[in-house]
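Asker: Residue numbers (my numbering), protein chains in the order written: chain A, 1 to 164; chain B, 1 to 164; chain C, 1 to 164.
Hints listed in this document are in silico derivations from the structure and should not be mistaken for laboratory results.
Just so you know, these numbers come straight off a predicted model, no measurement behind them.
It cannot be assumed that every hint is accurate.
Given that identical chains are not distinguished, each listed pair holds provided it fits within a single copy or across any two copies.
To be verified - Keeping only pairs whose Cα atoms sit at most 27 Å apart, straight-line, the calculated DSSO-like set for lysine-lysine is: (1) Lys15 - Lys112; (2) Lys97 - Lys61; (3) Lys97 - Lys35; (4) Lys114 - Lys94; (5) Lys112 - Lys94.
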Amino acid sequence: MTDINTQEIQRLYEKLNKEAEDGGYHLNPDVEFTKQLVESLIINQQRYGYPACPCRLASGKKEEDLDIICPCDYRDADILEYGACYCGLYVSEKVLKGERKLQSIPERRPPKEKRSESVTQKIQTGLPYPVYRCKVCGYLCARESPPEVCPICKAKKERFERFM
Amino acid sequence: MTDINTQEIQRLYEKLNKEAEDGGYHLNPDVEFTKQLVESLIINQQRYGYPACPCRLASGKKEEDLDIICPCDYRDADILEYGACYCGLYVSEKVLKGERKLQSIPERRPPKEKRSESVTQKIQTGLPYPVYRCKVCGYLCARESPPEVCPICKAKKERFERFM
Amino acid sequence: MTDINTQEIQRLYEKLNKEAEDGGYHLNPDVEFTKQLVESLIINQQRYGYPACPCRLASGKKEEDLDIICPCDYRDADILEYGACYCGLYVSEKVLKGERKLQSIPERRPPKEKRSESVTQKIQTGLPYPVYRCKVCGYLCARESPPEVCPICKAKKERFERFM
């Protein structure tokens, strides 16, 4: 690894860490491990032109890989269920604090033929995702379940209610 | 007060202050007073397992106290009407700048038997809260009235419009 | 320019820069030029009591100028179409990186008689703006098109989908 690479990795690591903390997420506290993932993201950025998930096989066609550009569409559901995203780059607060151990995480990404299911179709039978509301600040988001922490006021998951 | 406590208070004070400013809120500029409240939050965290409001009597059952975990569900309405939350921990920009004096703040929390009124019931007769939209960045939130400052783009309250 | 003014400009410049970066926006990287705009904002703040757009003629009546208080209601649409807001204070990522040149930007603000068109009227025939959802974190916003970057999780525009 050249000096420039080390600097680049450090820079991206710090940027991702700040963005994560500001938004109520956490990078894996194992810095050595995390920096390896960050390096893979830089390599994928150079190879494909976008930072595809380091732990999945990218097709190289951006429109087919949109859902696995890091952070992937499956991150939040995996953090909720397993305490970490598929790669282990992002972890839950419990894992961060050592109150929960990481286990292996099954692949949540649907097979290719099911991925294209249009949100527009789902809308015809109601909203494609439930909308949750932070009772503290009124923040709204549409997800399978509320975020671990409100990205606006940092209230915890249990302060969210179903809104629509 | 031990040295460790002072450090702990300072740490939580700085964390809450950063989170407040990032989200368009403000801690009370009377640092001495504010740190006393922060200390009470730490004590409540140790006693109950969650940082119940320092100025209210917690039941000790988390599910009954959710609405008064700090920041409480009533903070934003009190800041809007009285310039500060019930405790005086969070204040409006006018109070911060000394353009408005603090007065005593009546208890907004409903009596226990009215607290459980289900949002789901309210939904059946339309949305439980109006949705406001920041005209500058499109941020949406569901609250009795818009926030003092848009947490995303920092546009002021008067730049919000009723959206739903 | 007095010393105090230079300090004031520097302070506001830094504040706006931090707020922009935190929310996925960027100030014009030509710092000299940008600070002139920041100075004009301070002058307008003193003259009118609010930071009206430096490149437009304010009426001096706040309720008539709400849409051109900086950041103006037209910023995001101009950044999307032209790579910068009308003044050139805020620029797109491409412009920031030198991958796109700035051109002159036509005035998007409607003539006065069309400005007052009530959002309430638009609501009667459906929502006044489409609602977009970040597929990564579930952030919702109501705008003509998605933001360049999700202000919560920093996912890019192409990760947004139409939600309502």
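Asker: Which earlier hints turn out false for this structure, listed by number in ascending order?
Answerer: 1, 4 and 5
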